[in-house]
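J.: Listed below are the residues making up each chain.
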Amino acid sequence: MGQAMSVLVAGAGMHPWGKWGRPFVGYGVAAARAALREAGLEWTDVQFLVGADTIRNGYPGFVAGATFAQALGWTGARIASCYAACASGAQALDIARTRILAGLCDVALVVGADSTPKGFFTPVGGDRPDDPDWLRFRLLGATNPAYFALYARRRMALYGSTSEDFAAVKVKNALAGSLNPNARYRTAVTAEQVLASPMVADPLRLMDICATSDGGAAVVLVSPEYARRRGLDATVRIAAISTVTPAFPNTVLELPCFATDSTAAVPPPERTFRASIAHAAYEEAGLGPADLSFAEVYDLSTALELDWIEDVGLAPPGGADKLLRAGDTALGGRIPVNPSGGLASFGEAVPAQALAQVCELTWQLRGTAGARQVVNARAALAANQGLFGHGSAIIATV
Amino acid sequence: MLPSKRLCHIGPMPLPAIDGWFAVDDGVAHLLGTRCADCRTVHFPPQTGLCRNPRCQGEDLAETRLSRRGTVWSYTNACYPPPAPFAAAEPYTPVTLAAVELAEEGIVVLGQVKDMTVDDLRVGMELELTSGALADGPEVWMWGRP
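So the sequence lines, in the order shown, correspond to chains E and A. Numbered per this note's numbering, the first sequence spans residues 1 to 398. Numbered per this note's numbering, the second sequence spans residues 399 to 544.
Careful: at least some of the hints might be erroneous.
[Unchecked claim] If you want the footprint, here are the derived chain E segments under chain A, 3+ residues with CB under 8 angstroms:
1. 25 to 39
2. 143 to 150
3. 252 to 263
4. 324 to 335
[What the hints assert, rightly or not] Far from chain E by the CB rule (all over 10 angstroms, computed), these chain A residues:
5. P412
6. A415
7. V422
8. D424
9. H428
10. L448
11. E461
12. R463
13. R467
14. P489
15. G522
16. E526
What the hints contain is simulated information worked out from the structure, not anything from laboratory work. Beta carbons are placed, not taken as given, at the ideal position from N, Cα and C, and that holds for glycine.
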């Protein structure tokens, strides 16, 4: 996509992640106001608001765009609401970007926020035997960590990753998170602490698995022409948004599925689903893994961060552990991964998560990430995946 | 697990926890999938209507019994009782799960593992389909020792 087709980030904002126990709307509004403040714009300047939906907070969560717009004060702005599980934020961003690129608006606000119950995510209530997300709990007791653990065990068997490697990911991310004022967990941890934490889904322990959190994130997107006209400090460019779905046959067992697609008739595609998510973003941006200054990847578990590092092309299959052990993916390393502290430090606030990644991309690329600043960051990728086959990858550049 | 197993012998067969996904005939369990008559793609859970192969126009998906043996793609357990709608046994013992690859169908199928813990499992080992009761009675497919 050429410069003429670009959309710029004018501001990013977050409500700190935590277990605050308040309605999601407040987190979203706080994040929106922070993003607008950073952009130097008013809510009344916003022509289009997109809300990333939450499914655990009743009707207001299903119509997040309207909910946030009302809370900020009705202005008549156009809105959209969308849900794509953990990829909701990327889709919301893409909807906003597309409307700007189409010339239908100049300023769009994208907001996601969640308020989560304690413990495992559970399916939406009621007896719903037609819903695979309900059935996987009913028939198998297969929680989200169970799927993360299947990937982790598979990784150990294929590549020889160890529990010590997984613990090292947590140690690295906790250290980065300790430097992030928006993170929920801000304490450095030791490998011994991780390895002594209770086993949840073998081989993953409590400290290998991300928590479920409350939080909110927001981004203000503008057209280059509008940024110029208003004199905004908008140097970060959205170079790609990938919202791809899997290609048939998908040979990796996806949440919340009971089985993979069959390869009986059609051979597996060239890339796995996760790899295809990043690939589409690289193609759109005209960049490759070697161009990145850092990456934010979806570390639902410590082991999954290692998978992602390979899926986004920063290491060959089985090579992420080597990068980790060499310190390459740590802050100050050759290619920092999750300088925000990642989900390990934030926990998961589903509709806000992809937007939180974009906030980190924005602040790092603006050079305002403080103690966790990646030196001379020029280009970065954020990758994520929502259950039911939702890809999410964003590349931003300066 | 054991009490309901005994009940099987003195009472009626336990109800399946889900209809049409597996069958138990004379104590032999089979997963029930569907196979596209046009492209031969296999679907599990059984798919009706359209074949999921995007380059196939097939709508004739006939029930097929999947291979009973496969190799472990990966495995894990649930050290804490999974939340509802799962009915956790009391006292709770960890549920073991395995994703098993069926070579002929080219498919990996997730299931509970019967009478084995994660210490008994390794990636690549062979397991065979069986069935067993959930803590509140209904029966599901499970992977077990061949």
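J.: Each hint needs a verdict: does it hold in this structure or not?
T.: Results of checking the hints against the structure:
{"no.": "1", "hint": "25 to 39", "result": "violated (count 0)"}
{"no.": "2", "hint": "143 to 150", "result": "holds (count 4)"}
{"no.": "3", "hint": "252 to 263", "result": "holds (count 8)"}
{"no.": "4", "hint": "324 to 335", "result": "violated (count 0)"}
{"no.": "5", "hint": "P412", "result": "holds (14 angstroms)"}
{"no.": "6", "hint": "A415", "result": "violated (6 angstroms)"}
{"no.": "7", "hint": "V422", "result": "holds (15 angstroms)"}
{"no.": "8", "hint": "D424", "result": "holds (23 angstroms)"}
{"no.": "9", "hint": "H428", "result": "holds (15 angstroms)"}
{"no.": "10", "hint": "L448", "result": "holds (12 angstroms)"}
{"no.": "11", "hint": "E461", "result": "holds (15 angstroms)"}
{"no.": "12", "hint": "R463", "result": "holds (14 angstroms)"}
{"no.": "13", "hint": "R467", "result": "holds (16 angstroms)"}
{"no.": "14", "hint": "P489", "result": "holds (15 angstroms)"}
{"no.": "15", "hint": "G522", "result": "violated (7 angstroms)"}
{"no.": "16", "hint": "E526", "result": "holds (17 angstroms)"}
Of the numbered hints stated above, those contradicted by the structure are hints 1, 4, 6 and 15, listed in ascending order.
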